[in-house]
Amino acid sequence: MTSVTIRIQEADFDIARETALLTQGRTDIGAVVSFSGICRGSDGEGISALNLEHYSGMAEAEIGRHVEEAAARWPLFGVTVIHRVGRIEPGQNIVLVLTASAHREAAFHAAEFLMDYLKTSAPFWKREETSEGTNWVETRAHDDAAAARWTRS
Amino acid sequence: MKVKYFAWVRERIGKAEETIEPPDSVRTVDDLIGWLTSQGEGYAYAFEKPKVIRAAIDQAHVKQDAVISGAREIAFFPPMTGG
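Those protein sequences? They're chains A and B, same order as listed.
Heads up: the first sequence begins at 1 in this note's numbering, then just goes up one per residue.
Heads up: the second sequence begins at 154 in this note's numbering, then just goes up one per residue.
So that you can see chain A by itself, here it is in the shape it has in the complex (with noise of 0.2 Å):
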């Protein structure tokens, strides 16, 4: 039984809390892997800030399966995602995935696993701001490429 946090918010997260929050109480987890995505300030012109946009239910119902395989698939006890959405600037955290399991393996996989379907998959779009306006990110291929490696064959 894999316990399962996803929110969707505007607020920040706090990563040692959500830690916490996955393992209080248990004796069984031996490995915990955090990853998280930072609003990065550093790209060709430079931005002032990422608008998110997502679709409300759908995302979290596409996390929520890509979790259910995430457990299928490797020996989980606990899994969080936390992805924000609104105007977010650079050195702000943008998503959080925590994974939890017995041993490191298994939640290095799984995190791994969970962010390359969330760059893909979930319906959320980024909106750059920079200096000479807006424009809609556009996806990139190595993304895709880093989906597509967990595909079974």
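No lab work stands behind these hints: they were computed from the structure.
It is possible that some hints are incorrect.
As the list claims (entries may be wrong) - DEER-style ranges, computed between Cβ atoms: (1) Pro-175(B) with Arg-104(A): 47 to 57 Å; (2) Ala-148(A) with Ala-197(B): 25 to 35 Å; (3) Val-220(B) with Gln-92(A): 34 to 44 Å; (4) Gly-57(A) with Glu-201(B): 21 to 31 Å; (5) Gly-195(B) with His-103(A): 50 to 60 Å; (6) Gly-86(A) with Trp-161(B): 14 to 24 Å; (7) Phe-13(A) with Ala-197(B): 48 to 58 Å; (8) Glu-89(A) with Gly-193(B): 29 to 39 Å; (9) Thr-130(A) with Val-220(B): 17 to 27 Å; (10) Thr-130(A) with Glu-226(B): 30 to 40 Å; (11) Asp-14(A) with Asp-177(B): 31 to 41 Å; (12) Gly-195(B) with Gly-133(A): 38 to 48 Å; (13) Ala-16(A) with Trp-161(B): 32 to 42 Å.
To be verified - To be clear about the criterion: a stretch of chain A counts as covered by chain B if any three or more of its residues have a C-beta under 8 Å from a C-beta of chain B, and this derived list gives those stretches: (14) 22-34; (15) 122-130.
Stated by the list, open to error - Take a look, some chain B residues computed to stay more than 10 Å from chain A by CB distance: (16) Val-156; (17) Ala-160; (18) Val-179; (19) Trp-188; (20) Ser-191; (21) Gly-195; (22) Ile-206; (23) Ala-209; (24) His-214; (25) Gly-235.
Even for Gly, the Cβ is constructed at its ideal location relative to N, Cα and C.
Dock chain B against the given chain A, drawing on the hints supplied.
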């Protein structure tokens, strides 16, 4: 049925959602894109490169040959850029 639009698809069409009643000849997502394209300039602009557009039926991803009968909610959006 209810249709939702996101990101630049929403901006080009000029609305986030609407209720539509396409004719019976519109059977698939692909047909619906074709029909919407004929509904005005904004729609034509949003769907000018139909292969780029992603679709969801009842909040799950579908391919463009998916049949839309029985769908409560269909969404159109550009490739996703979250994470």
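Quiz prompt | Unsatisfied constraints (hint numbers, rising) | solution = 7, 9, 11, 12, 14, 17, 23, 24 and 25
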